[in-house]
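**Q** Construct the complete structure from the given sequences, taking the supplied hints into account.
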Amino acid sequence: MAAAADSSGDGGTSSGEKTIVLVSSDNSARFEVREAAALLSQTVRRMIDEAGADASGDGITLPDVDAKTLAKVLEYCNKHAPASSSSSAAEAAPPAEGEEDLERFDREFVRVDMGTLYSLVTAASYLKIEGLLNLTCQTIADMIKGKTPEQIRKTLGITSEFTPEEEDEVRRENAWAF
Amino acid sequence: MPPNLIEIVCMAGNMRQSSCLRTAYESCNNVRLGYSNYQSRILPQDLINELPEACIAEIFRHVENPEDRQSCASVCWRWANILVSQRPNFWGPFSVHQAVHPCLHLSNADDIKLAAAVVDMCARDVVTDLDLHCAPCGAVVDGVPRLTDSAIRFVTSACRNLKSVCLVDCVSLTDKAARIIASNCPALENLVMLQSSISDDGLSQVAKQCRNLKFLHIEGCLSITEASLRALVQYAKRLESLTLGSCPQIGQDAILSLLMNQPYLGKLELKGMMTGESHINFARQSSALHQLCLFRQLSSLILVKCPGLRNLGMLNFARIHFRLLRHLVIDDCRGVTELGLKWLLGNAMNPTKLKTIKLVRFLFFTYKAAIEVMSLISSTIESMIMDSCDFGMMMPHYLDEAVACECPKLKVISMEHCERTMELFLLWVNMACRGLKKLRLVGFPARGQASHMEHILSGILHSNGITKVELQSYHLTDRHVCIVAQSCQGALQELILGECPNIRGNFVVHLRESCRNLIKLTLNHIQISDVQIRILMLVGFHQLEEFNLMECPLITDRILAILHASTLPNLKRINLSDCPNVTQEAVDIYQRRWEIEY
Numbered sequence: 115m116a117a118a119a120d121s122s123g124d125g126g127t128s129s130g131e132k133t134i135v136l137v138s139s140d141n142s143a144r145f146e147v148r149e150a151a152a153l154l155s156q157t158v159r160r161m162i163d164e165a166g167a168d169a170s171g172d173g174i175t176l177p178d179v180d181a182k183t184l185a186k187v188l189e190y191c192n193k194h195a196p197a198s199s200s201s202s203a204a205e206a207a208p209p210a211e212g213e214e215d216l217e218r219f220d221r222e223f224v225r226v227d228m229g230t231l232y233s234l235v236t237a238a239s240y241l242k243i244e245g246l247l248n249l250t251c252q253t254i255a256d257m258i259k260g261k262t263p264e265q266i267r268k269t270l271g272i273t274s275e276f277t278p279e280e281e282d283e284v285r286r287e288n289a290w291a292f
Numbered sequence: 181m182p183p184n185l186i187e188i189v190c191m192a193g194n195m196r197q198s199s200c201l202r203t204a205y206e207s208c209n210n211v212r213l214g215y216s217n218y219q220s221r222i223l224p225q226d227l228i229n230e231l232p233e234a235c236i237a238e239i240f241r242h243v244e245n246p247e248d249r250q251s252c253a254s255v256c257w258r259w260a261n262i263l264v265s266q267r268p269n270f271w272g273p274f275s276v277h278q279a280v281h282p283c284l285h286l287s288n289a290d291d292i293k294l295a296a297a298v299v300d301m302c303a304r305d306v307v308t309d310l311d312l313h314c315a316p317c318g319a320v321v322d323g324v325p326r327l328t329d330s331a332i333r334f335v336t337s338a339c340r341n342l343k344s345v346c347l348v349d350c351v352s353l354t355d356k357a358a359r360i361i362a363s364n365c366p367a368l369e370n371l372v373m374l375q376s377s378i379s380d381d382g383l384s385q386v387a388k389q390c391r392n393l394k395f396l397h398i399e400g401c402l403s404i405t406e407a408s409l410r411a412l413v414q415y416a417k418r419l420e421s422l423t424l425g426s427c428p429q430i431g432q433d434a435i436l437s438l439l440m441n442q443p444y445l446g447k448l449e450l451k452g453m454m455t456g457e458s459h460i461n462f463a464r465q466s467s468a469l470h471q472l473c474l475f476r477q478l479s480s481l482i483l484v485k486c487p488g489l490r491n492l493g494m495l496n497f498a499r500i501h502f503r504l505l506r507h508l509v510i511d512d513c514r515g516v517t518e519l520g521l522k523w524l525l526g527n528a529m530n531p532t533k534l535k536t537i538k539l540v541r542f543l544f545f546t547y548k549a550a551i552e553v554m555s556l557i558s559s560t561i562e563s564m565i566m567d568s569c570d571f572g573m574m575m576p577h578y579l580d581e582a583v584a585c586e587c588p589k590l591k592v593i594s595m596e597h598c599e600r601t602m603e604l605f606l607l608w609v610n611m612a613c614r615g616l617k618k619l620r621l622v623g624f625p626a627r628g629q630a631s632h633m634e635h636i637l638s639g640i641l642h643s644n645g646i647t648k649v650e651l652q653s654y655h656l657t658d659r660h661v662c663i664v665a666q667s668c669q670g671a672l673q674e675l676i677l678g679e680c681p682n683i684r685g686n687f688v689v690h691l692r693e694s695c696r697n698l699i700k701l702t703l704n705h706i707q708i709s710d711v712q713i714r715i716l717m718l719v720g721f722h723q724l725e726e727f728n729l730m731e732c733p734l735i736t737d738r739i740l741a742i743l744h745a746s747t748l749p750n751l752k753r754i755n756l757s758d759c760p761n762v763t764q765e766a767v768d769i770y771q772r773r774w775e776i777e778y
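Chains A and B are the protein sequences, given in the same order. If you read the first sequence in this note's numbering, its first letter stands for residue 115, the second for the next number, and so on. If you read the second sequence in this note's numbering, its first letter stands for residue 181, the second for the next number, and so on.
Please keep in mind that the hints were generated in silico from the structure rather than gathered at the bench. Every residue gets a Cβ at the ideal spot worked out from N, C-alpha and C, and that includes glycine.
Keeping only pairs whose Cα atoms sit at most 25 Å apart, straight-line, the calculated PhoX-like set for lysine-lysine is: (1) B:Lys589 with B:Lys548; (2) A:Lys268 with B:Lys293; (3) B:Lys293 with A:Lys259; (4) B:Lys417 with B:Lys447; (5) A:Lys261 with B:Lys293; (6) B:Lys447 with B:Lys589.
Stretch-level coverage of chain B by chain A, calculated; a stretch enters the list once three of its residues show a Cβ under 8 Å from a Cβ in chain A: (7) 231-244; (8) 249-260.
**A** Take a look at the structure:
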């Protein structure tokens, strides 16, 4: 596994934008992304603020996100990131692509297997990317809508009520009674 | 779509997107996008429940439809708990009902329904009443219990302010449910468990932890023993009313102990208890000898079908007095005799101020005893109900006038199947009562047996302003009804005649002339015909609101036309159920004018 081709922290893009390096949890992958894209994540934004300017040299490690999921998340961020480079205007500026284009992208984006979808939910929740969180949760919610409980269980592969761990918990709770 | 095609499309899409991600796909060799036909695929493992709760909650925030939320609640307990902790900002059907009545009532209750109902409620802290009835046969279906202890845990955790819990026929619950209720419902005041498994352990926990327990009703619990009663005495200091039914392991000793040691119990009801022989343990009760009379606050004592309850003289032995007894029911308790009854009612110097008494299948050994009992209660009694009561062998032939006394407050008398005692008893009533309002006689003595009955009846009706009369017997004839009509006159408001095959309807003229203020008239199973009803309604009844003619074989469709043509301005309800010659079509025609039950 090679490190990224231009992985030195302040490497500029052809358009001269600032980039940020994000490292996955197992240190297996480093991603260099536009600052505007990375700042869609409130968690990353906070990490940068706290760490200061020189942290971006080494890249920001995200301990809870693995490589595969991070790749997918960044795919989303890059698509949805605003065109302008300045971080303060990042929220106000419209995204680089048109509305319809984005909708189509989103629909395709979530056509993945359930495991990936759940990883995306967790990652979006950890990284606090509102758009991605809404998108993934809405997708799963749509799978639940209009179904009976039995159908929901079948679709999502849920088995039964009490797992052995919960039984133990109940027994411990009632220990005074025994 | 065949998987290969999708893979190609995805890869193509990736290559288009990778220009944005720049180094992503070059550096991460292990990235592979999956197949995209997740909608139809069923996963073998339970992945979604590995998500952190916050994520599952976030997913549920996108499920807005109340029905969908209810479905989610029924999938598994983890989801139900998460949903319960979210506050929905819409009103589901249960919430609307609950705003008016803070109660959750489910019949045919099972886990799924309960979870859905709880999740649907908006303000769970408002719910104070929980009422679950299970289908008695459907409690366990295919070996799986439909209502489980987890459901009880769920609902009592969600509704923290439950004051009243009522579980009927919930045979699939175990004692754990009682312990759960004990720990989750600290404000509990009323607990009813009928045919639900509870044992001493569970009930003791309830007594210990629900300090506000006021009303307890347990029936059909085979494993409750005296230990529970001891726990109640020790912990349930606020208990006001206790009803025990069909608990075979609780004997007379236990009840006596309870009565001795629970001073504030207001109501005790025993149903189907002590069905076997029971013996008082004299050694144990000897401590009672050290005490002077124990006065207890019991105001209602109800004993139903307790054949093993030996003479209430045990109370005499324990020197317990119920100074505040107001309501007494002794129903089919062979062991209780008139001595026990007299002890309950105090003595002539200081009688109990009893308000209502009901005796079913009670045997008076002597008439004198019966009159003594009457005189003990006569000054305060308001309602007397007697069913199948009889005298022993000593049937007196005359009434000792010195014994009769005033009975000013008696308003309601009901005598059912007391043919042998009726004449003498009513003779006493005739002398003692002036304020009687309601009289019900089911089962009348035959003419030959009681020659003065008509005279007595007319005397009673004449000197009291009786408003409601109910008569039911083979031996009743039109003449009796005429007597009733003429003696009651305008005071009569409600007349009920049922199952009197010897009444032919010839009383109608008298009834019409004398009782102008009738409000309710019931003539069930009487051989009365349309013509006679027409005669009855000739001048109409201005107050009549309800007219019942059930099971009358001679009544036909013409009755409705007759009623329609009569002056009955206030008539609202008519009941023609089981009249063989009345048809649905005729009823339908008149449904708009009155409420007709057919």
